[in-house]
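There are 4 protein chains.
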Amino acid sequence: MDGTESLSPYRRARARTAALLFTVSKDDPLSRYVDIGLIVLITLNIVAVVLESVDDIHRAAGDYFHYFEIFSVTVFSIEYVARVWSVIDNPWKPVHNHPIKGRIKYMLSWMALIDLIAIAPFYLSFFIDADLRVLRALRLLRIFKLSRYSSAMTLLFQVFREESRTIGAAMFVSVLMLFVASSLAFIAEHEAQPDKFSSIPAAMYWAVITMTTVGFGDVVPVTPWGKFLGAMIGVIGLGMVALPAGILASGFDNALHRRRAMLEEKVHAALADGEISDEEQADLEELVRHLNLNTVDANAVIYAVKHQKAQQAPGVCPHCGKSLHTQEKLPARPSEEI
Amino acid sequence: MDGTESLSPYRRARARTAALLFTVSKDDPLSRYVDIGLIVLITLNIVAVVLESVDDIHRAAGDYFHYFEIFSVTVFSIEYVARVWSVIDNPWKPVHNHPIKGRIKYMLSWMALIDLIAIAPFYLSFFIDADLRVLRALRLLRIFKLSRYSSAMTLLFQVFREESRTIGAAMFVSVLMLFVASSLAFIAEHEAQPDKFSSIPAAMYWAVITMTTVGFGDVVPVTPWGKFLGAMIGVIGLGMVALPAGILASGFDNALHRRRAMLEEKVHAALADGEISDEEQADLEELVRHLNLNTVDANAVIYAVKHQKAQQAPGVCPHCGKSLHTQEKLPARPSEEI
Amino acid sequence: MDGTESLSPYRRARARTAALLFTVSKDDPLSRYVDIGLIVLITLNIVAVVLESVDDIHRAAGDYFHYFEIFSVTVFSIEYVARVWSVIDNPWKPVHNHPIKGRIKYMLSWMALIDLIAIAPFYLSFFIDADLRVLRALRLLRIFKLSRYSSAMTLLFQVFREESRTIGAAMFVSVLMLFVASSLAFIAEHEAQPDKFSSIPAAMYWAVITMTTVGFGDVVPVTPWGKFLGAMIGVIGLGMVALPAGILASGFDNALHRRRAMLEEKVHAALADGEISDEEQADLEELVRHLNLNTVDANAVIYAVKHQKAQQAPGVCPHCGKSLHTQEKLPARPSEEI
Amino acid sequence: MDGTESLSPYRRARARTAALLFTVSKDDPLSRYVDIGLIVLITLNIVAVVLESVDDIHRAAGDYFHYFEIFSVTVFSIEYVARVWSVIDNPWKPVHNHPIKGRIKYMLSWMALIDLIAIAPFYLSFFIDADLRVLRALRLLRIFKLSRYSSAMTLLFQVFREESRTIGAAMFVSVLMLFVASSLAFIAEHEAQPDKFSSIPAAMYWAVITMTTVGFGDVVPVTPWGKFLGAMIGVIGLGMVALPAGILASGFDNALHRRRAMLEEKVHAALADGEISDEEQADLEELVRHLNLNTVDANAVIYAVKHQKAQQAPGVCPHCGKSLHTQEKLPARPSEEI
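Protein chains in written order, with this note's numbering: chain A, 1 to 338; chain B, 1 to 338; chain C, 1 to 338; chain D, 1 to 338.
Isolated chain A, as found in the complex (with noise of 0.2 Å):
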């Protein structure tokens, strides 16, 4: 496939290697399974560590959940060395083709160091005397594993990223408050709760408890200035859950416009001939799987597309015959400008 016949068994193994574990293609059955096959294994290996932290179950079933481990750590070992070697011949990557800098840079990606951590406790317990109930909970982190598996997550980072500096300054914000909050709390309460209120750290643990309005009760003020201020931090919480509920509703928003407009464009290109073909439409749908975009809201702008094309279609008076709009001075998108 694809110009590899002519290359050497060992680089046609690398090469499909590569393809098997980098790509996603619904023609290539070997790769979805390969992918469903580790998901599934991850997804046992986070069953495992939870059900084994019962002790009536650990006891039952040790050896079992040992053996499992075992069959499990090997199955990522492969997988972590089969990406590092084949990850060269990733297609989607070129970074990483160069056969020394390319695995090293590879290997310090954020997936290969999530991948490394589901199988370095294992190996290292072997030379470090570690608790064995902490080694066993870091097997949880191989739940990391599967946000290779998401795409839909792209769009929650890219909103967190847009809005970092307001969401930062809401926390700053709350921040101050807390600190002003805490110090308060502390002069109102130590006295009166001398175990509770011992220090603003203590005060501290209560405060942030009360403005994230969970409230858990282990801690509660008792003097009446305690009791004001607790009840002006709940308010204060309200507003702090109110705040990124509303940056991120207008980050959604501003995201969902924005890759609107992307399809928009796209649709006007392959308009631009009068008719979308079969090439075109199987790219605009290759576009709106990547835009996340749902297909009601899809369909809603290639409508509106084809429908204000249709209002303008003559392009030229039908009358007297003259163009009225000249499409060709369009200049390519400049992305990387400012």
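In short, the hints are calculated from the structure, not lab data. Some hints here could point you the wrong way.
Chain copies aren't distinguished; within one or between two, either way the pair holds.
Below, in silico cross-link-like pairs of lysine-lysine (BS3-like), each with a Cα-Cα straight-line distance of 30 Å or less [to be verified]:
#1 Lys-266 with Lys-101
#2 Lys-93 with Lys-266
#3 Lys-309 with Lys-105
#4 Lys-309 with Lys-93
#5 Lys-105 with Lys-93
#6 Lys-105 with Lys-266
All figures in this text were calculated on a predicted structure; none of them were measured in a lab.
Given chain A, put chains B, C and D in place with the hints provided.
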């Protein structure tokens, strides 16, 4: 009515039953009475189940509850049989019109299953020796029969479905954090409170109650690291409240714009001949109801379209004086595309 | 003033009273003093009720509270009688202008009933032997008299009314889930805690407190299924916070756009002759206040319209001098339609 | 630099101090070092206050905290005096440039008062015999000095100010409900729990903690009516979380559109001559930073304007070939109007 006079009395009765049970019409008072009667009966059933669970009331009036239950099951059984019998004459669902396949399809539909669940426990209790309290509580599921009568819920479900990928990604991130938080809490608190943080599932209960900002206070962290973790989970929980709020705000806004665009299009079509006829006006009112738009918004849309039409009014080339607008070139809305 | 000089002194006094009590005018200082005086008195009343409920304060200063109460009731009674007497001269509500029917209509209006509730308990206490503490607490209802003076609340109520169908659907879904959760919690916990989960209403109290993420902790689940249910209800509760936030965000956004469009239209009309006269400027400022728009938004709208006008300025081809736009065909806004 | 060479050394030093303390410039490394140094010192102060409140740490290292405090107060005092001295040379605030009135105005400004509060308690403690713990906690207020360095907070405050009327109305409704709920709770629970619901202020503490969904659990209703009330307050509280979230979402969205419109306008102006010069590019980047827009949004705006220009490119009447667009008629933005 509508051409059913020439049918046999049996088929006339069936068609009339279908009209009573499946359609909503202002001009058919009996159909409205049937609907209102069923809504009242369902509501009374729920009140009865709730009251019967109070021991004092049950002891004082057990017999009346029993008679009411028999009466209710009789009515709901008749309703169920009548629906299955007459569904093949339901003009709104041609897919159910086949005498055998149509009825089976209907019986497997969501609404029919709810109707069945409402009566099945009563009949099953003759054969199976089930816990009486469980049986009684199951009657509460009759409340779902009410969902047949709420049209505004459609919008909620639509927004949820459209935003499902983003909400799903948000949930995935939450679950990731929940697992990590639970295992860290287990490590931090297991030794100090071996009874409350006995296993990761136990720690997970605490982590969910904290992350949703419920904070019962039956389980609270006592170690410094546990308290720090509790405060962090509270802060994350605050984001977990804000995230779906932001996603849904964007979704509702989007749905509103789309529904408004649909009304706009119809108003444009209705105004193509320059005036909204009585029939077109009735159609528009029907559409406004169907789209769940409020009157203020609907009027704003209609006014805007009229305004726009008025401004474009000449619609002719200012130079040769012939119409520039050619509405008939508008393609039919392709709702299946992509 | 406004043609009242020719009236009898009695009717002049009544018209003046109506002007003092029912209109807000910058040019009538006495009207402002009456408003401010009433607002201060209402606020003092609320402070008094709250303070009087504290035993120590009541014991120390009971008499003064009594004298203040008699003074307040006297003023509020005079206000009530004066309003009923003069309402028929209220120029803003022609529907109240009939001497008998108008007064009865006014007395049944929301604001008049609140005024009546503010004084009725005092008079009733002479005839009915009511609990003194209840009577005193009822005085707190006087706070509702303040709602007469808040104009920004109109927007809140408008958004709530417009989104009422969607909010209603969200509440219906919540109630459905609440009933199901309560009956499941009753089944799961009744045997383990027969005192706390004694009946479905009792379980419902716990379910509401959990679903609203309050989580007092006075009732907590102890069985594994109950704990799982509690965690699930918490997660659902999180969605129940997000849902109205999303609906209201969309509603406020929509209301803002609509109000801005209304201002835009008026600015367009004012600029029809090319310039905003002093009178038009005053009208626009009045509209901005009435629409509850902030100055920044209002200026942005006015600037945008001016900008647009400037670009279209010629309105005619600047070279061949023929009109490209025809404004006079704009229909009058039909606000009642549909 | 900028013409200060001809001044006396004293005035040169003052102008240099003003440049160091009041301006942010990439080209002045010393100014950046001063800023960073002050930020680090403020942060260390906060850490010190928090740590010192822990008894063990205070006992072990009390002296070091004392020396650090003296050092900090010295630096902050020098900073304060230097700011008051040099403020009259601050080029960004001409209103402070008068030697006496300008300095007094500055000393009464928000930032200067915060600077004063940061050092005042230290000097006052020599004259007044204050509680040492209170004095120490007051040092935490130094954290407000950090607000000078956060530019993104401006957007938060702007949105809050613009939506203040609507938020105020929401708060007013909350307070109304709170008073009613408190007095009802007082009536319902006073007899059953005379110690916890001793007065309306006491009931109000419980009502706020419930309405903000904090729910400590130190005070819980025990009577059926009290429990019903608690559940209702919880539901209202849910709305009280949703309301500000919705208001702020609309506010942030609105602010974003306005800022984007401002950028659009500048890009239009920059493109009037067909090309963006280097100087214009630098101006635009400066504006993007100032408006707190993210790069993706900024690029989208610039691209959209270019696209639009390109489509209108001919800008000439297609028949007589002369320009239709007359940019110079655009009026200057009147930001003070209304």
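key: Index of numbered hints that the structure contradicts, given in increasing order   = 1, 3, 4 and 6
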